[in-house]
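Colleague: From first to last, the protein sequence lines stand for chains A and B. Be aware that the first sequence starts at 152, since it is given in my numbering, and climbs by one per residue. Be aware that the second sequence starts at 15, since it is given in my numbering, and climbs by one per residue.
Since the hints were made in silico from the structure, they are not lab data. Where a beta carbon is used, it is the ideal one built from N, C-alpha and C, also for glycine. Any given hint could be a false lead.
[Stated by the list, open to error] Examples of chain A residues lying across from chain B (beta carbon under 8 Å, computed): (1) E182; (2) L183; (3) L240; (4) A258.
[To be verified] Now the in silico label distances, taken between C-beta atoms and shown as ranges: (5) B:L109 with A:M194: 49 to 55 Å; (6) A:Q232 with B:T115: 40 to 46 Å; (7) A:F207 with B:V116: 33 to 39 Å; (8) A:V187 with B:V97: 26 to 32 Å; (9) A:G234 with B:G112: 39 to 45 Å.
[Stated by the list, open to error] Anything over 12 Å on all C-beta distances counts as not near chain A; from chain B, calculated: (10) V80; (11) F82; (12) G87; (13) S99; (14) N125; (15) G155.
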Amino acid sequence: MSAAVAPRSPRAPRPAKLAVALAFSLAFVWELLGAVSNLLAWMQFAALARAQLSAFAWSVLLAGLLVPILAFAVALVVARQRGPGTTALVLLTSFCVSQALTLSVLAIFEAGISTQR
Amino acid sequence: MAASPPDDQAPGVEAPAVGASGADALRWAGDEDERSLARPVRVATQPSSGGGSASVRGGTGALALVLFGVLAGIAALETVGWVQSAFGLVLGASLTTGSGTVLEVAAFVINLVFRVAGVAAPLVWFAVVSWRVPAGVRRLGWLAFGALLLVPWPLVVVP
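One chain only, chain A, in its complex shape (with noise of 0.2 Å):
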């Protein structure tokens, strides 16, 4: 081995993991914002009614702004030892089971609203 060629330490993010990771928070992204969308919307809807949200509409609301940035979290975590390939499904999965948890917080959110009214 030439000594032109540094040694790279095994925890050094490969550069192909590196875009799998980026790729998969784009779409993380795309889900942050939407639940950023709701929590403006709902504000912004209570202001026009001259009410303020309640605890309950503020803890489900502030639910759906963490679901996308735990589930990259944790995706990150569980594959930071694991290779690009096992990187992008671990992505795949977390993201699949942070949409369906989004639609569980907007449904749980529904039904709560819908009770109040």
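With chain A fixed as given, assemble chain B onto it according to the hints.
Modeller: Chain B in isolation, oriented as in the chain A frame:
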């Protein structure tokens, strides 16, 4: 069906002709059975590692297989539940092309694809865990965790 001579019949030994007497035919059939019983069985000659624990391990394997099948069924049912709820009245209403501008249509397509991802979550979880996690308690644990995590709450809470 006419009886045919066994494959391992020694050369020179004459098989009874079709239409031989009933006693000959019966004797021949019995002889064949005795030969097949005397023939060494390959399964019996295999060494049984673990001795008495083999049957216990077999029972555990059968239980694991049953649990695996149950969890697969749960994943399939959850997916059906997600299909029903995610495109239902309440959640389906959030999928809209708006006023039809390019930006809104693009957002609609992205949201639709992402919703399909959410609907497929139980199956994706099941497939990835079954493929990547080695068989055993750990795999069953991950599958059970996924089954609990991915309950289609929209189907339960939305009237």
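Colleague: So, for every hint listed, does it hold in this structure?
Modeller: Verification of the hints:
1. E182: At about 7 Å, which falls below the 8 Å cut-off, the nearest Cβ of chain B leaves the hint on E182 of chain A intact, so it holds.
2. L183: 12 Å, violated
3. L240: 5 Å, holds
4. A258: 3 Å, holds
5. B:L109 with A:M194: 49 to 55 Å: 23 Å, violated
6. A:Q232 with B:T115: 40 to 46 Å: The hinted range 40 to 46 Å holds for Q232 of chain A and T115 of chain B, with Cβ atoms some 45 Å apart.
7. A:F207 with B:V116: 33 to 39 Å: 37 Å, holds
8. A:V187 with B:V97: 26 to 32 Å: 27 Å, holds
9. A:G234 with B:G112: 39 to 45 Å: 41 Å, holds
10. V80: At about 25 Å from chain A, V80 of chain B clears the 12 Å cut-off, so the statement holds.
11. F82: Holds, since 18 Å exceeds 12 Å.
12. G87: 18 Å, holds
13. S99: Given that some Cβ of chain A is not farther than 12 Å from that of S99 of chain B, nearest at about 7 Å, it is violated.
14. N125: 8 Å, violated
15. G155: 14 Å, holds
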